[in-house]
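Student: Chains E and G supply the protein sequences, listed in that same order.
For the first sequence, position 46 matches number 46 in the numbering used here, and the numbering has no gaps at all.
For the second sequence, position 222 matches number 375 in the numbering used here, and the numbering has no gaps at all.
Hints in this document: simulated from the structure, not taken from any laboratory.
Bear in mind that the values here come from a model prediction, so they are computed numbers and not experimental data.
Don't take each hint at face value.
Stated by the list, open to error - Here chain G is said to cover these stretches of chain E; the calculated rule only asks that three of the stretch's residues, wherever they fall, bring their Cβ under 8 Å from a Cβ of chain G:
id : segment
1  : 6 to 19
2  : 29 to 35
Stated by the list, open to error - Each computed DSSO-like pair below joins lysine-lysine, with the alpha-carbon atoms no more than 27 Å apart:
id : chain 1 : residue 1 : chain 2 : residue 2
3  : E       : Lys-75    : E       : Lys-90
4  : E       : Lys-148   : E       : Lys-75
5  : E       : Lys-112   : G       : Lys-402
6  : G       : Lys-223   : E       : Lys-126
7  : G       : Lys-158   : G       : Lys-449
8  : G       : Lys-415   : G       : Lys-211
9  : G       : Lys-223   : G       : Lys-211
10 : G       : Lys-211   : G       : Lys-402
11 : G       : Lys-181   : G       : Lys-415
12 : G       : Lys-359   : E       : Lys-126
13 : E       : Lys-104   : G       : Lys-223
14 : E       : Lys-126   : G       : Lys-387
Ideal placement from N, C-alpha and C gives every residue a C-beta, glycine not left out.
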Amino acid sequence: MSSKKNVILKGNLIPDEVQIGQGNVLQSQMVLEGQITIGNNNIFEDRVQIMATTGQSIVIGDNNHFHTGCLIYAKSIGSNNDFQPFSVVKSGSIILNNCVINPKCTVEADSKLDNVTLYNNGSLRKTSNLHGLLHAKHLDYLTQVLPKYHELQ
Amino acid sequence: MMELKILYKCECGSNFALGDLLYCPECKMLRCSSCISESHAFAYCPSCLFEVPSATVKAEHGCCSRNCFKCPICISPLLVIANSTNDNVPVTGHILACVYCGWDSNEIGLVFERPTGLTAQIHKLDSDRPDLKEFEQLKQYYDGIERNNRSIHPASSNSSLNSLFASKSFSHLGFLSTAMKSKPDTTIESYTTTLTDIHHEWDETKLFHELNLQDTTTIDQRISQSIYGLQHTKISQIRPLRVPLRTRKLKKCLHCQEILIKPEPKAQSYSFLIKQIASNWLPRYVVKRSIELPLKTNQVYEIQLQLFNGTSHDMRLEISIVDQMVNENHIQFKNKNVIEVLKNQNQLIYMDFVCKKIEKEYQVMNNMPFKFSLNC
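So here's chain G without its partners, still in its complex pose (with noise of 0.2 Å):
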């Protein structure tokens, strides 16, 4: 028995099961995931599920900023215990402890002062750090060019669309206005570095000697230091992951920017407070009886549908088969049956057709040689 897809068709002809679909009441269509234009409603952090403001999601580069972290080795939530080995000795401080694999940061030797606010005390470690320091140096000596760039050239903004112009495969065109077409000055005076200890000299046989396969870090773990613009080779020396963060997505219709789905302001909850999805319009499919392949002509096949309008509103709806398809848009229906479904009631649908002509020999599943319309 040949099992059948119910699909429907979205406005821009593609077809889609009803779960996929999401319904727009200002232009009364189907809107299918091509249709729709996402953005991020909010962020969440998925550990401890606190909402993030837009500005800390920058600031903090995705990641969560409160004690929420992952095992370096193992990748599971770590927890802030105190740092005590015996209920004798008094606390003197907090760590890090994984419950998995049994990691904690007294092997990096980091040990917090306060249970509370961890990133910032790793962000202390980094205050001394030579390369972050050059970094924020190079940021805003090349930050106050642009700045006194602009000053003087304003015109010379940073749109992209100028700056696309003003480059030399466009210039010769004619887009620039008279302005612009003033180049700015290029001669930029090259940054002079503070750092003396630039660079090292490695003794290779020195390392070979000291090297330790079961302190090295794996590339995974390489890469994932990278939040901390470090890449360790000793697995003694990595820090644990901040945990980044999730977003939930806000659906409009791209032709009327109407709001389609906007989930509830809580990471808590799944929520919705709109959701205007497919089920909650049309009525769904069943086919309770398919049929038999391979399809002989001039057999009668009759296929058992079950409607059901799971809708809040009574339903009248139009069925007719497909007679002729002259092309995509055009298609003309013969046999015209009018139902009503009220709301929360099923109703089922006998269709018979003759197979006047098979087109091919060999079938695939979701290509059948008929086909046939439902209109609501």
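Only chain E is shown next, with the shape it has when bound in the complex (with noise of 0.2 Å):
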């Protein structure tokens, strides 16, 4: 269902430290910067800011969503996490799997999460069993649709 190629949207400087896997979307005004290692069908959406301090690199895993405008300085993301418009996800922190970090929240440096819900920033729990079901359909269809009305770079 998945496309391997990458759908990246023209005005994203991506720096050739980046490393980026298969059937990923970026959408536009990206800021990439440092030593950053992307997996495979990702959904990256508008002035999503992933910055690498200097002298670490972050890894991201599979099937993660990046909404609108959010900060991400982790350290490494696992797979199938979810970061709502405007979330922060501060320096030095773990996310491993099934994370949900509700908008406007943050993450606080050095912290780990695993299959927990961040939500009013600050309370936790336990993510839903609903999450991420639709996650294939969306990068599908934005696969599918985005390339009819933006120019790819």
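Dock the two chains into a complex; use the hints.
Tutor: Right, here's the structure in full:
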């Protein structure tokens, strides 16, 4: 179902240090800095900033969804995570799998989250079983529709 | 520069801003919040915006009886969605899910057969609860006794005044009628319960070892479950919260019962059928140039007011300055001036006065040593 080719919209400056896997969708005005390794089938929406601090690298897994405006300074991110609009993940954090960071919420520095939903900027609860069911459909839709209306890089 | 406030005097003597006052066209008087009576016009659900008839409000304990629920974890509105984890698997039922924190009713094992009438489906869960059955039986038993007493002694009705005079503290004063003086039969047979398993033996040690702080409800969450008559200690058991109804108010003049504010009987709209607000009848005053503190004696001060007639009719105003305040009700005016202001027009007023006497060294913002009155 998911395309193997990456869909990268025009307007993204991707440095050479960044390695991107297959089947990803990168929308416009993204900021990528430092040594970043991105896995497969991720969705990056507009104005996502992923910045690695000097001397460190960021590793991102598969099937993640980065919504508009989220700031990622984490150490590593696993798979099937959902970063809602304008969420912030501070440096040194490790986000494992199946996490949901709600809009405008901040993950504090050097924290470790696994299978939790962060809401209300501090409250945590176990991620619902209904999370991530539509990711493959969403990815498929974007890979088909975005090239029709935007220029690709 | 001191900021002047323009206040309007209500008939009761208190001063309010123009936006806080209503006008009674029958009494031809301003009415403040103390001079009006409020009642409920209609009740509606803030979630689905459906109007609820008053009989249903009482039956449903003031909550929405449709599919409106709030998340017990984060109090955000819940959605009714199909309970399927995969597209290929057919829909087995419907659940309530929270978009904000991810809670869904699968966590408490609550799956609904139909997407409508969820409140009734939740009520069915409580049909076998022994404490609710016991409460219903108690109510029926004592209702029957009260009905019997009423049929035997019709004079001792439910009137609160009669029951007050029938009490021990007043009975010696002789207010009771002869019919009421005969005491009703107070021997009531006690209710015998049909419950068998009432006493629970608590094993504190076992409870302590089973305690899981992550799964324990907070005090607020337990209080919110009181609508179901429950106080679960575990998060895996708490139910979705029902949405309490809201009402729109009807305001009447206390003196003549004229309706001053009547909202439109539609929850979606914020318009009014009757809106007798003071700003529709009185001009609005805006201070254009204020005065400087502290006031000095024998110095002329000028206040510049802008008078705006925002009503739909022309006005003729008589403006005068308080010369002498004999008492609160007897005020002498001097320098009366009459001006005419057409509808939707502005008029500037210049008022000069001489400060004759300063009563206090330190003047509080709202407590001025002088007053001037504008009569319309």
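Student: Would you mind marking each hint as holding or not holding in the structure?
Tutor: Going through the hints against the structure:
1. 6 to 19: Violated, because only 0 residues of the segment 6 to 19 of chain E bring their Cβ atoms closer than 8 Å to Cβ atoms of chain G.
2. 29 to 35: That given contact is violated, which follows from only 0 residues of the segment 29 to 35 of chain E lying within Cβ reach (below 8 Å) of chain G.
3. E:Lys-75 / E:Lys-90: Judged against 27 Å, a Cα distance of about 9 Å means the pair holds.
4. E:Lys-148 / E:Lys-75: Status violated; Cα separation ~35 Å.
5. E:Lys-112 / G:Lys-402: 51 Å, violated
6. G:Lys-223 / E:Lys-126: 19 Å, holds
7. G:Lys-158 / G:Lys-449: 20 Å, holds
8. G:Lys-415 / G:Lys-211: 23 Å, holds
9. G:Lys-223 / G:Lys-211: With a Cα-Cα distance of about 20 Å, the restraint between Lys-223 of chain G and Lys-211 of chain G holds, given a limit of 27 Å.
10. G:Lys-211 / G:Lys-402: Given that 27 Å is the threshold and the Cα spacing comes to 18 Å, the pair holds.
11. G:Lys-181 / G:Lys-415: The hint holds at about 18 Å.
12. G:Lys-359 / E:Lys-126: 26 Å, holds
13. E:Lys-104 / G:Lys-223: 22 Å, holds
14. E:Lys-126 / G:Lys-387: 15 Å, holds
Hints 1, 2, 4, 5 from the earlier list are contradicted by this structure; the remaining hints agree with it.
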